[in-house]
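**Student:** Residue numbers (the numbering used here), protein chains in the order written: chain G, 1 to 113; chain S, 1001 to 1110.
For the record, the hints were derived by calculation from the structure and aren't laboratory data.
A couple of the hints might just be wrong.
Lysine-lysine pairs mimicking DSS-like chemistry, simulated, CA-CA at most 30 Å apart [what the hints assert, rightly or not]: (1) S:K1096 - S:K1070; (2) S:K1071 - G:K70; (3) G:K51 - S:K1009; (4) S:K1070 - G:K51; (5) S:K1096 - S:K1009; (6) G:K70 - S:K1070; (7) S:K1014 - S:K1096; (8) S:K1083 - G:K70; (9) S:K1071 - S:K1096; (10) G:K51 - S:K1083; (11) S:K1009 - G:K70.
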Amino acid sequence: GQQLNQSPQSMFIQEGEDVSMNCTSSSIFNTWLWYKQDPGEGPVLLIALYKAGELTSNGRLTAQFGITRKDSFLNISASIPSDVGIYFCAGRDSGGSNYKLTFGKGTLLTVNP
Amino acid sequence: DGGITQSPKYLFRKEGQNVTLSCEQNLNHDAMYWYRQDPGQGLRLIYYSQIVNDFQKGDIAEGYSVSREKKESFPLTVTSAQKNPTAFYLCASTWKETQYFGPGTRLLVL
């Protein structure tokens, strides 16, 4: 099936540092989505990307849809303790169903105050 | 208040028992989904429904069943045939190409 590689698997950073994580796919995607999940809760949508090259910000978060349509990255600037959680990427394969997404395995972010 | 609700938050299942997880949305979304989440793994699709009275198997449908009698509701039954049901279950719905999640139900086996 479709493969989505998300890296890094985990990160330990100091408060105030910037963070970057990315996802790569084995095929072309039409949509990239980034989510954050707190322990015991459902994922919350952070940013949605719909066009190759698109760069979108949401507060301290910035995400980009790669030009090749096979990758996306998420940056968090000036991290704070409440940024702690698991960040997931997800995408819709251009050759797949309009209704199915593929998910990365997540990046666990820990922020030391 | 618009959104996706799941109940209960925690559910305990005895051996050989079927249990049903509830998912309701008032977002008027056509498509709804059920995922299973295990530690260290990504989300795995169990079933999805694009429209009322229609649903499709996902990647790990064995041991599960669903129904979609109303647009707002997409309940998931974990049957006794599912031998490893302990997991966090997430319901989602889609508007255009963007998927939104409920708060989840944690299922534990006694």
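**Student:** Is K1083 of chain S close enough to K70 of chain G, meaning Cα to Cα at most 30 Å?
**Tutor:** Measuring from Cα to Cα gives roughly 36 Å; hence the hint is violated.
**Student:** Hint check: K51 of chain G vs K1009 of chain S, CA-CA at most 30 Å. Holds or violated?
**Tutor:** violated (37 Å)
**Student:** Would you check the hint for K1071 of chain S and K1096 of chain S, treating anything up to 30 Å between C-alpha atoms as holding?
**Tutor:** holds (16 Å)
**Student:** Between K70 of chain G and K1070 of chain S, is the straight-line Cα distance small enough, at 30 Å or below?
**Tutor:** This hinted pair is violated, its Cα atoms lying about 37 Å apart.
**Student:** For the pair supplied as a hint, K51 of chain G and K1083 of chain S, is the alpha-carbon distance within the 30 Å limit?
**Tutor:** Distance ~42 Å between K51 of chain G and K1083 of chain S Cα, so the pair is violated.
**Student:** If you draw a straight line from the CA of K1071 of chain S to the CA of K70 of chain G, is it 30 Å or shorter?
**Tutor:** violated (34 Å)
**Student:** Checking one constraint from the list: CA of K1096 of chain S to CA of K1070 of chain S, max 30 Å. Satisfied?
**Tutor:** Satisfied, since the Cα-Cα distance of roughly 20 Å is no more than 30 Å.
**Student:** Assess, step by step, whether the Cα of K1070 of chain S is no farther than 30 Å from the Cα of K51 of chain G, and give holds or violated.
**Tutor:** Measuring from Cα to Cα gives roughly 33 Å; hence the hint is violated.
**Student:** Below or equal to 30 Å on CA atoms is what counts here, so check K1096 of chain S against K1009 of chain S.
**Tutor:** holds (28 Å)
**Student:** Hinted pair, alpha-carbon criterion (30 Å max): K1014 of chain S, K1096 of chain S. Please report holds or violated.
**Tutor:** violated (39 Å)
**Student:** Would you mind confirming whether the straight-line C-alpha gap from K1009 of chain S to K70 of chain G stays at or under 30 Å?
**Tutor:** violated (36 Å)
When the structure is compared with the earlier hints, violations turn up for hints 2, 3, 4, 6, 7, 8, 10 and 11 and for no others.
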